[in-house]
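Make a model of the complete structure from these sequences and hints.
Number 65 in the numbering used here belongs to position 65 of the sequence shown; there are no gaps in the numbering.
Everything labelled a hint here was simulated from the structure, so no lab data went into it.
Please read these numbers as outputs of a predicted model, since none were measured by experiment.
Where is the CB? At the ideal position from N, CA and C, for every residue including glycine.
Honestly, I wouldn't trust all of these hints.
[As the list claims (entries may be wrong)] Label-pair restraints from in silico Cβ distances:
| id | residue 1 | residue 2 | range |
| --- | --- | --- | --- |
| 1 | A9 | P35 | 38 to 46 angstroms |
| 2 | T32 | R11 | 40 to 48 angstroms |
| 3 | A9 | A83 | 16 to 24 angstroms |
| 4 | V97 | P39 | 15 to 23 angstroms |
| 5 | P39 | V7 | 20 to 28 angstroms |
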Amino acid sequence: ADIAQLVAAFRQLTAQTRSQPVVSIRPLPAYTPTPLLSPRQAFFAPAQTVSAAAAIGQISAELICPYPPGIPLVFPGEVIEPAAIAYLQAILKEGGVVTGCADLSLQTLKVVKA
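Given below as structure tokens:
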């Protein structure tokens, strides 16, 4: 009975995912992030929400993880680079998702207050 339920669940999952578009996996951008604070310091520091464009060059107060590939790209305490924003926006445009940040649409990002 348990096996039959498991098989039925897998069949249902397969049917659901076939209707979803396949997102290509892009190679990660070639840049070396610059950590200015520890993740803990950045997480607990006073933060503000700014537009994605205004976040470039500022210190991230949140983790940003695109899927695919499911590897965090920006960590709290790192300087937000233009290449990272471009990569994340391309992932979203192609149907991927971003997790870890407050605004999953990436219109805004949380940065450490200057």
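Tested hints:
At roughly 42 angstroms, the beta-carbon separation of A9 and P35 lies within the given 38 to 46 angstroms, and the hint holds. Against the hinted window of 40 to 48 angstroms, the Cβ-Cβ separation of T32 and R11 comes to about 45 angstroms, which satisfies the hint. In this structure, A9 and A83 break the distance hint of 16 to 24 angstroms, their C-beta atoms being roughly 40 angstroms apart. A hinted range of 15 to 23 angstroms for the beta carbons of V97 and P39 is consistent with their spacing of about 22 angstroms.
In this structure the hint that P39 and V7 lie 20 to 28 angstroms apart at CB is violated, the actual value being about 42 angstroms.
When held up to the earlier numbered hints, the structure conflicts with 3 and 5 and fits the remainder.
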